[in-house]
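Top line first, the protein sequences correspond to chains X and R. Quick note: the first sequence uses the numbering used here, first residue 1, plus one each step. Quick note: the second sequence uses the numbering used here, first residue 1, plus one each step.
Take every hint as true, because none was put in to throw you off.
Residues from chain X shown here face chain R by an in silico Cβ test under 7 angstroms; the list is partial:
id	residue
1	LYS52
2	HIS82
3	MET83
4	VAL93
5	LYS94
6	PHE97
7	ARG98
8	GLY100
Mimicking DSS-like on lysine-lysine, the simulated pairs with C-alpha atoms at most 25 angstroms apart in a straight line are:
id	chain 1	residue 1	chain 2	residue 2
9	X	LYS102	R	LYS175
10	X	LYS89	X	LYS52
11	R	LYS175	X	LYS78
12	X	LYS89	R	LYS175
13	X	LYS91	R	LYS175
14	R	LYS175	X	LYS61
15	X	LYS52	R	LYS175
Worth flagging that the hints you see were computed from the coordinates, not collected in a lab. Even for Gly, the Cβ is constructed at its ideal location relative to N, Cα and C.
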Amino acid sequence: MFVNMACVIFMLLMSPVNVNANEGKVALIAAKGSAIEKMHLMDIRRLFLGFKLSVDGAAVKNAVLNVQSKLLYDEFMKNVMHMTEGSYKRKMVKRVFRQGRKRIREVSSLRELNDHLLENVGDISFVEMSSIDDMESVEVVQILW
Amino acid sequence: MCITPYTHEVTFSYFNSIRKFQATVLFMVAMLFSSCVVGETSFNGFVSLFAGKVTEGNEFLADYPEVGIYDNDWSFSPDSTLGAQFSSYITDDFSLVTQIVVKGASDIDADIDWLYGNYHVSSELSVQFGRKRLPLYYYSDYFDLGYAYYWVRPPADLYTWQITNYNGISLLYEKNLGEMDATINLYYGNEESNNNDLLSLLFGVPVDECWKDMIGIVGAVSDERVDIRLSYMHGLVDRSVNGVAIITDSEQEFLGLSINLTLGQLQILSELNNYKRPDNEVNINSHMLSLAYQIGDFTPHLTRSALKQDVNTGGNDERHHTTTVGVRWDFYTNIAFKIQYDKVVDEGIIVPIKGDSNSISLGLDYVF
Numbered sequence: 001m002f003v004n005m006a007c008v009i010f011m012l013l014m015s016p017v018n019v020n021a022n023e024g025k026v027a028l029i030a031a032k033g034s035a036i037e038k039m040h041l042m043d044i045r046r047l048f049l050g051f052k053l054s055v056d057g058a059a060v061k062n063a064v065l066n067v068q069s070k071l072l073y074d075e076f077m078k079n080v081m082h083m084t085e086g087s088y089k090r091k092m093v094k095r096v097f098r099q100g101r102k103r104i105r106e107v108s109s110l111r112e113l114n115d116h117l118l119e120n121v122g123d124i125s126f127v128e129m130s131s132i133d134d135m136e137s138v139e140v141v142q143i144l145w
Numbered sequence: 001m002c003i004t005p006y007t008h009e010v011t012f013s014y015f016n017s018i019r020k021f022q023a024t025v026l027f028m029v030a031m032l033f034s035s036c037v038v039g040e041t042s043f044n045g046f047v048s049l050f051a052g053k054v055t056e057g058n059e060f061l062a063d064y065p066e067v068g069i070y071d072n073d074w075s076f077s078p079d080s081t082l083g084a085q086f087s088s089y090i091t092d093d094f095s096l097v098t099q100i101v102v103k104g105a106s107d108i109d110a111d112i113d114w115l116y117g118n119y120h121v122s123s124e125l126s127v128q129f130g131r132k133r134l135p136l137y138y139y140s141d142y143f144d145l146g147y148a149y150y151w152v153r154p155p156a157d158l159y160t161w162q163i164t165n166y167n168g169i170s171l172l173y174e175k176n177l178g179e180m181d182a183t184i185n186l187y188y189g190n191e192e193s194n195n196n197d198l199l200s201l202l203f204g205v206p207v208d209e210c211w212k213d214m215i216g217i218v219g220a221v222s223d224e225r226v227d228i229r230l231s232y233m234h235g236l237v238d239r240s241v242n243g244v245a246i247i248t249d250s251e252q253e254f255l256g257l258s259i260n261l262t263l264g265q266l267q268i269l270s271e272l273n274n275y276k277r278p279d280n281e282v283n284i285n286s287h288m289l290s291l292a293y294q295i296g297d298f299t300p301h302l303t304r305s306a307l308k309q310d311v312n313t314g315g316n317d318e319r320h321h322t323t324t325v326g327v328r329w330d331f332y333t334n335i336a337f338k339i340q341y342d343k344v345v346d347e348g349i350i351v352p353i354k355g356d357s358n359s360i361s362l363g364l365d366y367v368f
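Isolated chain X (complex conformation) (with noise of 0.2 angstroms):
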């Protein structure tokens, strides 16, 4: 009887820091499959700055900008990016300008990005850990923060 209670008391107590433990969190994703592997911030950076990646990162085609949160969206410039939303911005423009590079993908809803990235396998993008539920067939390359 005593294990029982301590059981479901341990449960109880468990259960929200389980649910807890994925919140705030932001993870890279790509579609099942696509044997990307974990990668060092400074390369995730340059890919959503439009550069390509060299031999080690070969399965990693293109990144997706996720813009359904614009609370989410700015903490990704800040974290990963390092610089504002409008640096951000003009540093691209000048890149599709001046090379007349491809402009970086944006989506603004998950479904949205997930049809993309089982369209495009080797595509990533980033969401927050919470909606990973909320997705089909993709999986998480790394935590970002």
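Using the hints provided, position chain R relative to the given structure of chain X.
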């Protein structure tokens, strides 16, 4: 009158002769070709719509290459621009890029700024061939792309160049050096400008200018805080005034250094340039220092720029400086409103440009 080997002459005069209708036709053909044949295409554009006037003095030369001049009446012409870029990604490694710019200052003529093929030899090395912007100054590559900087236009004192493009070949090497992005750009090319807008204004008669055998290197390193760029170019100049050749095979050199810092919300931009043509005793120094501080969507800025030409036996003494204050307001996605006040002091006695002036300009930059 551009003295170049035959093959160069054919190729480069072809590009140089493209204007207006030809440009439009070429652009349309490229679009049709791309939509039918290639795997992926993209279209990007930008618009700058600015009005301005001189509030004190007579005239203000805001855009030297295109001779965009404000006077005492409100005008949209000097700084208004429409640009369209069409890129065709034929394979993952090969693309064709065309960029056409229509400027109010050039009587709505369409100019081809870019028309080149780009081939990625590797993830770090690419080769481009065709027509590109001449990357002398820091903002040369995207001089027309107002959205990319906070001024209405880059400081006019520095961008006093009569040749803005070249036709040739370039190599671009991009490398990660620790936490810094490094690029090296090597280029070779030529450009011929008949009845050059700027020189014809300054001389008062038609002037043909040819910059040939330009060979240059641009090196840059940057991270999120520091951006350093060094540019060097060597080439030859031919010039004829009113049909009479006055300069032939005169050597010219350009050296430019830019150091830009981003310290939190504070931006410090700087540029130092030297242009010389020893055979003609031409030596010109120009510099710029600019401070900006971002407050939310607003970026107020203050800039001081200057150009000084050493007096030579011909008496050339071009000398002017400008103080600029303004604000950029990023009020909507991809649209920025700008307002700017420019105070020009023209100290040239034998070669004055447009005299002293105070002017105001305001408008929008938009990219799509």
